[in-house]
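J.: Chain by chain, the residues:
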Amino acid sequence: MHHDHLDALESESIFIMREAFAKFGNMAMLWSIGKDSTAMLWLARKAFFGHVPFPLVHIDTSYKIPSMIEYRDRLVREWNLQLVVGQNKAVLEEGRTYPNGRATRVECCGWLKKDGLQQVIEHYGYTGIIVGVRRDEDPTRAKERYFSPRNANMEWNASDQPPEFWNQFKTDFAPGTHIRIHPLLHWTELNVWEYIEREKIPVIPLYFDDGTGHRYRSLGCAPCTFPIQSTARTVSEIVTELKATRTSERAGRAQDQESEDAFEKLRRDGYM
Amino acid sequence: MAYARNQLKLVVVGHVDHGKSTLIGRLFYDTGSLPEGKYEQLVAIAQRRGVPFEFANLMDGLQAERDQNITIDTAQIWFRTQKREYVIIDAPGHKEFVKNMVTGASRADAALIIIDASEGVQEQTRRHGYLLRLIGVRHVVIVVNKMDLVSYSQATFDKVSKEYRAFLASIGVEAQHILPVSARHGDNLASRTEKMSWFTGPTVVEALDTIPDAAEVTDQPLRFPIQDVYRFDHRRILAGRIEAGTLQTGDQLLFLPSGRTSVVRSIEGWNTPQRETLSAGEPAGITLSDQLFVERGSIAVHAADPPHLATEFTARIFWLGRTPLAAGKRYKLKLVTQEVECEIKTLEEVVDASTVQPIKGADSVRTNDAARVVIHTRRPVAVDLFERVPFMGRLVLVDGFDVAGGGIVVEVPERFAAATVVADAGVNADVTRVARGERHLRHGHRGAVVWLTGVPGSGKTTLAKSLERQLFERHIQVFVLDGENIRPGLNADLGASGSDREEHIRRLAEVAKLFAESGAVCIVAFASPSRAERERARKVMDVEDGPSIPFLETYLSAAADTSSHYEPPEHAELTLVENVSLDERINRVLEHLMRQIR
Chain A
1 MHHDHLDALE
11 SESIFIMREA
21 FAKFGNMAML
31 WSIGKDSTAM
41 LWLARKAFFG
51 HVPFPLVHID
61 TSYKIPSMIE
71 YRDRLVREWN
81 LQLVVGQNKA
91 VLEEGRTYPN
101 GRATRVECCG
111 WLKKDGLQQV
121 IEHYGYTGII
131 VGVRRDEDPT
141 RAKERYFSPR
151 NANMEWNASD
161 QPPEFWNQFK
171 TDFAPGTHIR
181 IHPLLHWTEL
191 NVWEYIEREK
201 IPVIPLYFDD
211 GTGHRYRSLG
221 CAPCTFPIQS
231 TARTVSEIVT
241 ELKATRTSER
251 AGRAQDQESE
261 DAFEKLRRDG
271 YM
Chain B
1 MAYARNQLKL
11 VVVGHVDHGK
21 STLIGRLFYD
31 TGSLPEGKYE
41 QLVAIAQRRG
51 VPFEFANLMD
61 GLQAERDQNI
71 TIDTAQIWFR
81 TQKREYVIID
91 APGHKEFVKN
101 MVTGASRADA
111 ALIIIDASEG
121 VQEQTRRHGY
131 LLRLIGVRHV
141 VIVVNKMDLV
151 SYSQATFDKV
161 SKEYRAFLAS
171 IGVEAQHILP
181 VSARHGDNLA
191 SRTEKMSWFT
201 GPTVVEALDT
211 IPDAAEVTDQ
221 PLRFPIQDVY
231 RFDHRRILAG
241 RIEAGTLQTG
251 DQLLFLPSGR
261 TSVVRSIEGW
271 NTPQRETLSA
281 GEPAGITLSD
291 QLFVERGSIA
301 VHAADPPHLA
311 TEFTARIFWL
321 GRTPLAAGKR
331 YKLKLVTQEV
341 ECEIKTLEEV
351 VDASTVQPIK
361 GADSVRTNDA
371 ARVVIHTRRP
381 VAVDLFERVP
391 FMGRLVLVDG
401 FDVAGGGIVV
411 EVPERFAAAT
421 VVADAGVNAD
431 VTRVARGERH
441 LRHGHRGAVV
451 WLTGVPGSGK
461 TTLAKSLERQ
471 LFERHIQVFV
481 LDGENIRPGL
491 NADLGASGSD
501 REEHIRRLAE
511 VAKLFAESGA
521 VCIVAFASPS
531 RAERERARKV
541 MDVEDGPSIP
551 FLETYLSAAA
561 DTSSHYEPPE
571 HAELTLVENV
581 SLDERINRVL
591 EHLMRQIR
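As given, the protein sequences belong to chains A and B, one line each in that order.
The opening position of the first sequence corresponds to residue 1 in my numbering, with each subsequent residue numbered one higher.
The opening position of the second sequence corresponds to residue 1 in my numbering, with each subsequent residue numbered one higher.
Be aware that a few hints might be false.
Covered by chain A, according to a simulated footprint, are these stretches of chain B (three or more residues, beta-carbon under 8 Å) [unchecked claim]:
hint, region
1, 224-234
2, 272-283
3, 312-324
Example chain A residues on the side facing chain B (calculated, C-beta under 10 Å, incomplete) [claimed, not checked]:
hint, residue
4, Phe21
5, Leu41
6, Pro55
7, Tyr63
8, Pro163
9, Trp166
10, Phe169
11, Lys170
12, His214
Here are the simulated lysine-lysine pairs, BS3-like style, with alpha carbons at most 27 Å apart [as the list claims (entries may be wrong)]:
hint, chain 1, residue 1, chain 2, residue 2
13, A, Lys243, B, Lys329
14, A, Lys243, B, Lys465
15, B, Lys465, B, Lys329
Please keep in mind that the hints were generated in silico from the structure rather than gathered at the bench.
This one's a predicted model, so the numbers in the text were calculated from it and none came from an experiment.
Here a beta-carbon is modelled for each residue, glycine too, at the ideal position from N, C-alpha and C.
Next up, chain A with everything else stripped away, as it sits in the complex (with noise of 0.2 Å):
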């Protein structure tokens, strides 16, 4: 059997989920309808042979694009896939949000959800979560664990991980706390285009260009991304626009440049 660098980064994440589901009782995975977080699940299904053994939780901000929720829901109906939606209601209500005028982006994306997030955990119980975050998407989650813990308040401690070599993970963890699984740590946003043309992965029509000459590059909320300039209609055209590009992939996501180090805080905070 010939293997590539997709079987090698396919093998490694499958082992990784494997880990998790076998460690942790009560967990979940993080599904933002991305092509990450899709590719992931269907990850999930390669390793637990077509099932889908534990819940996704979508953190819903009300601000998404609405043709995310659409394919949201039809691939739950498709896949048969558990489905825990959570938003933070109360400062929906109050209307402290940046759309609204009264938060700054990245208050809005830690109120939203981090701590939209952070009360599905806390309501269900999890002690584990799956998150599809990249080593290459940005400084700070290149710095990231496997499987990476969190405290009670859900702050990740940068500068002080626990060891992780040998695929021998942290797993053991005191009450109240919880820990973060990164089973996409080690993909490049080339490889996750590659695997979604490798594997035909149904993926939202926001990543492509609609004829405007513009696509998604990153799926967030509406008010604060940005289509970026493409013409690439396809899986593989964007493969190829990949290859060449040399603009980063959160160009498009303006709470990462609202200061130096902004997304920095707002991850040690607990963010995805």
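On the provided structure of chain A, position chain B as indicated by the hints.
T.: Frame of chain A; chain B shown alone:
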């Protein structure tokens, strides 16, 4: 697993401030691997802050790092040469962050060690070199950096390289390349420099490109650790990853530590082509032809080439824990998917990893130091020598909630060859009855009878109780038979007459034998003055279809012996004279007993 797209994972290590981040940043810049605008952006940020631009900042994403100017963790980034793609793992040089260095290095196929030409070989230069060897990174390129600070002097380079080459040789590592560079100026990284025309060797990029691709491990014996067992769609699927060798449908598999066997009925997968063979590195799911009970931690192998199945072995370990590693303390040991409680039985040698010199008389291993230790596990674990099957020869130790150390297996006693242990267990002969060997495997020891004999007042009961406690603490199944628990029940019908006394001893021996057959150590504490009766008790220990149960006649001699009707043994396994302390008595019995039951 080999990758169709050539990719090599490279860890960069060395003493703090010897220039790792600068070298990496510069390598990126010089090979044209930076994202568009990144260089300009960083130059602009530096200007805004009123500080000169540093190539080191290319790597540093975290605020804390920029403030302290040290790399606190391992980040991964990618660059490309003519030959292949490199994933660079930057590992911190600060002493406090050895755990991060280990994290990074464990993922690497090769290592780049950086030494500051003006400072020479330092503490972390040695420690990292030593750790790389323990972690098993085989390809090492050494870079003598900051040559600009020593006027590009050949003599300085020769001195530093000679010293480090000798150090590496002392720990059994051969330096493939030692190269003079100046990372800050890009000398000898991607292109040659006129400033060191005396150097005729390769550039850093050329040296890296000579490293062979990561090797396949399919030519090794099959090792398939079970991660989990799933019940999906009416199938019972054993899931895991093939860590070494190959597996085919129809293969007879031996599962350790249970010793059971079964045949691979099918290879399962989802959205993959039907497979008949799986090889090292691949995720696997199989079904078996028998309804065998298999659980996480079982290791599937071919019976023709099994690993060891051991409760004791020697490992070279490195310690990262917050509290020192101590002999006698219990830790959780993880080896592939196996997890077992263990104890460090002996610290054979403790090594100061900054000098790589033994620490004389050390009774613990400090954070960031190393040691050669004998590990005793509570249950048998399937284990290979690291040199033979690396995936099955490396372990981590967990202290409390934290992974606190790692190690490679360097020696396993001959008696733990799996072939011997499994044959001894004879487990497949009779699947309904629990076989003697299975109990041995489960408990980690055999059953035995310790028969304490001596006149009243010689200390039998005291010794029996202390021994029981000591064995219990060592996780040995143990029970004491004495007058207190035998006379009121089992032997309530017996008096003090000669024939009753003989019957008394006979029953005692038979009960002790049953305990031993159940896998326990049975301590009998009775005067048993008659030599002939004790000999009959010994005979009871014979077993029809196997080796007789170890019988340890232990004679507590006393001055009163000669004046009574007591008949001292002529061939006792152990004789403990009157003036020996209780601790000494316990130790002598333990020494003798443990050899018999392990």
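J.: Identify every previously stated hint that the structure contradicts and give their numbers, smallest first.
T.: Hints 3, 5, 6, 7, 12, 13, 14 not satisfied by this model.
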